[in-house]
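Model the full structure from these sequences, guided by the hints.
Residue numbers (UniProt numbering), protein chains in the order written: chain A, 1 to 264; chain B, 1 to 341.
In case anyone wonders, no lab produced these hints; they're calculated from the structure. Glycine included, each C-beta is placed from N, C-alpha and C at the ideal position. Don't take each hint at face value.
[As the list claims (entries may be wrong)] Calculated cross-link-like contacts (lysine-lysine; reagent style PhoX-like; alpha-carbon spacing at most 25 Å):
{"no.": "1", "chain 1": "B", "residue 1": "K17", "chain 2": "A", "residue 2": "K19"}
{"no.": "2", "chain 1": "B", "residue 1": "K156", "chain 2": "A", "residue 2": "K257"}
{"no.": "3", "chain 1": "B", "residue 1": "K156", "chain 2": "A", "residue 2": "K19"}
{"no.": "4", "chain 1": "A", "residue 1": "K257", "chain 2": "B", "residue 2": "K17"}
{"no.": "5", "chain 1": "A", "residue 1": "K94", "chain 2": "B", "residue 2": "K156"}
{"no.": "6", "chain 1": "A", "residue 1": "K257", "chain 2": "B", "residue 2": "K14"}
{"no.": "7", "chain 1": "B", "residue 1": "K280", "chain 2": "A", "residue 2": "K94"}
[Said to hold, decoys possible] Away from chain A, derived, C-beta distances all over 10 Å, residues of chain B:
{"no.": "8", "residue": "T143"}
{"no.": "9", "residue": "R152"}
{"no.": "10", "residue": "R201"}
{"no.": "11", "residue": "E243"}
{"no.": "12", "residue": "D275"}
{"no.": "13", "residue": "K287"}
{"no.": "14", "residue": "D298"}
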Amino acid sequence: MRIAFTLSLFREYLANYIKTKLTYRADFWVEVLSDLMFSAMNLIFIFVVFTHTPSLGDWSEAEVVFVYGYFMIPYGIFSTFSNLWNFSERYITKGEMDRILTRPANSLAQVMLENVDPPSLIGSFVGLGIMGVAWGRLGLPFHWYDPLVLIVMVLGSVLIYLGLYTALAAISFYSDAPTGIGPLIYNIQNYGRYPIQIYNKGIRFLLTWLLPFAFVGVYPASFFLERHADRTMAWLTPVVGLIVGAIGLIVWNSGVKRYRGAGS
Amino acid sequence: MLAIDVNQLRKQFKVQKNREGLKGAMLDLFKREHTEVTAVKDISFQIPQGEICGYIGENGAGKSTTIKMLTGILVPTSGRILVNGYVPYKEREEFVRGIGVVFGQRSQLWWDIGVIESFRLLRKVYRVDEADFKRRLDELVETLQLQDLLNRPVRKLSLGQRMRCELVAALLHQPSILFLDEPTIGLDIVVKTEIREFLKRLNRDHGTTILLTTHDLQDIEALCSRVIMLDDGRIIYDGGLEELKERWGKGREVQFQFTDPISLDAVSSLTSGLDVRWTKENEVTAKVWIPRELNVSDVLSRVVGSAAEISDIKIFETNTDEIVREIYRTGSPEAKEAVRG
Numbered sequence: 001m002r003i004a005f006t007l008s009l010f011r012e013y014l015a016n017y018i019k020t021k022l023t024y025r026a027d028f029w030v031e032v033l034s035d036l037m038f039s040a041m042n043l044i045f046i047f048v049v050f051t052h053t054p055s056l057g058d059w060s061e062a063e064v065v066f067v068y069g070y071f072m073i074p075y076g077i078f079s080t081f082s083n084l085w086n087f088s089e090r091y092i093t094k095g096e097m098d099r100i101l102t103r104p105a106n107s108l109a110q111v112m113l114e115n116v117d118p119p120s121l122i123g124s125f126v127g128l129g130i131m132g133v134a135w136g137r138l139g140l141p142f143h144w145y146d147p148l149v150l151i152v153m154v155l156g157s158v159l160i161y162l163g164l165y166t167a168l169a170a171i172s173f174y175s176d177a178p179t180g181i182g183p184l185i186y187n188i189q190n191y192g193r194y195p196i197q198i199y200n201k202g203i204r205f206l207l208t209w210l211l212p213f214a215f216v217g218v219y220p221a222s223f224f225l226e227r228h229a230d231r232t233m234a235w236l237t238p239v240v241g242l243i244v245g246a247i248g249l250i251v252w253n254s255g256v257k258r259y260r261g262a263g264s
Numbered sequence: 001m002l003a004i005d006v007n008q009l010r011k012q013f014k015v016q017k018n019r020e021g022l023k024g025a026m027l028d029l030f031k032r033e034h035t036e037v038t039a040v041k042d043i044s045f046q047i048p049q050g051e052i053c054g055y056i057g058e059n060g061a062g063k064s065t066t067i068k069m070l071t072g073i074l075v076p077t078s079g080r081i082l083v084n085g086y087v088p089y090k091e092r093e094e095f096v097r098g099i100g101v102v103f104g105q106r107s108q109l110w111w112d113i114g115v116i117e118s119f120r121l122l123r124k125v126y127r128v129d130e131a132d133f134k135r136r137l138d139e140l141v142e143t144l145q146l147q148d149l150l151n152r153p154v155r156k157l158s159l160g161q162r163m164r165c166e167l168v169a170a171l172l173h174q175p176s177i178l179f180l181d182e183p184t185i186g187l188d189i190v191v192k193t194e195i196r197e198f199l200k201r202l203n204r205d206h207g208t209t210i211l212l213t214t215h216d217l218q219d220i221e222a223l224c225s226r227v228i229m230l231d232d233g234r235i236i237y238d239g240g241l242e243e244l245k246e247r248w249g250k251g252r253e254v255q256f257q258f259t260d261p262i263s264l265d266a267v268s269s270l271t272s273g274l275d276v277r278w279t280k281e282n283e284v285t286a287k288v289w290i291p292r293e294l295n296v297s298d299v300l301s302r303v304v305g306s307a308a309e310i311s312d313i314k315i316f317e318t319n320t321d322e323i324v325r326e327i328y329r330t331g332s333p334e335a336k337e338a339v340r341g
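What follows is the structure in structure tokens.
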């Protein structure tokens, strides 16, 4: 019931988003273009690296691209629904959270819906395409259950991102000023999109167990990669997703109770 | 039945000190240094259904903090609140469906889309039935004359137009209590009057309980049967507006205009023995201040009965603005006597 209601709200908010964007069409295309260019840059970076070396710690170019393609799918979905980068400034400092809290719907859902960003979803499709091409180049076998597994893995990865960034956004409830931790996490996140086996032990541990960004990249993707298949870690993806998602929700809910408003 | 029941309500804020730099930020993440500020200090009041109550006080007196606790935005440090039978912060989502909130300095509406689109979205959020929504919207649009504004984006509305739309947005779900935080701030006198009339009508026709904070005492005079005055987190007055004037009115002033030039000594001698104070306005005009205990007629008869010829007399009642300013200035109404003496 509650979830059905929230989903029906999603449709309404999306309609509003489209109406808004129709008034600023140029914005929409600029955003799509810049998203795509950002992804292209990252791909080019991979290609450039591999012009200097045939493999990176046992990983071939196609495999690295495959992992990157996978990463783009959950990342695109996450960016669509959880555009919380300016949460602290807009909702806490400017006090827009007041408005959210006087409305009869889940506060986190409202904040997420108010910031939906559908153009980011295009990145997911591009990622799917990249994965497909790499799949062919690697000559991987295709099983009937692969698409289903992919969906489960992507959901798990999205939950990890949602949980981490929700918790991060909720930190603003506890502290007055932005703590500068956002950019830090964002930079760490970027390491998750490459095979973590190429990093040293410390970073591997960090990306697996502390800030589990490796579950939004190499671990779930490895399910499909024959040479690097690691089923245990792959299947941990949805589990870690549920745990991190729950943590995010808990931090948010207790954070909202500490919200203190702004201004007079 | 009580619409709002507040008991020993207290709100403390921890104000943190921020350390510098990224290292400081990281340290701050784990260990904070705080100072405590008490914004609302154990206040209690009850508001019955259908009442319009004004909530006044200086900036920083704790008005907004109280309103935010009453609307479920803030969680109180201690004390008991019951609004509409709910504890606001506990069953927030259920509770807010029965209240309307207008913050004068903040918008409920979506900035870039037509006003009507915002209303439709709010209809969904509040789960208002389509037929009810239509009836309600028609009624509100009619009374507030918004017909021409409905399709304009909010960012193109004037403040007065926006404020009227905000009222509609807060009332679409037919709340039984309406909270207004400075609803007339920055509005011109015409719009102010319109909004006051609208609120009165809302209260009369639908029995909506209204609690409003304001700095414009004319809002209070036009609307409220009751005033709660706050200073430094405590209630310093709770009662009727008339009583407030009665108790803390500073007396009256009478202005005499004489036909011939007068001197201050001359007019003062007319009322010798009475505790009054004369001031001279110009050559032919003088004002006398009469404390509340004294009858105006006593003073009048002395002056009128004298040899001086009078061309005009005006009597000034102290207005609420002055009373409130005086109370704000002295910090508490008890200090009043001393000031008067």
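Quick rundown of the hints versus the structure:
no.	hint	result
1	B:K17 with A:K19	43 Å, violated
2	B:K156 with A:K257	35 Å, violated
3	B:K156 with A:K19	16 Å, holds
4	A:K257 with B:K17	21 Å, holds
5	A:K94 with B:K156	21 Å, holds
6	A:K257 with B:K14	14 Å, holds
7	B:K280 with A:K94	51 Å, violated
8	T143	23 Å, holds
9	R152	12 Å, holds
10	R201	23 Å, holds
11	E243	28 Å, holds
12	D275	41 Å, holds
13	K287	37 Å, holds
14	D298	46 Å, holds
Checked against the numbered hints above, the structure violates hints 1, 2 and 7; every other hint is satisfied.
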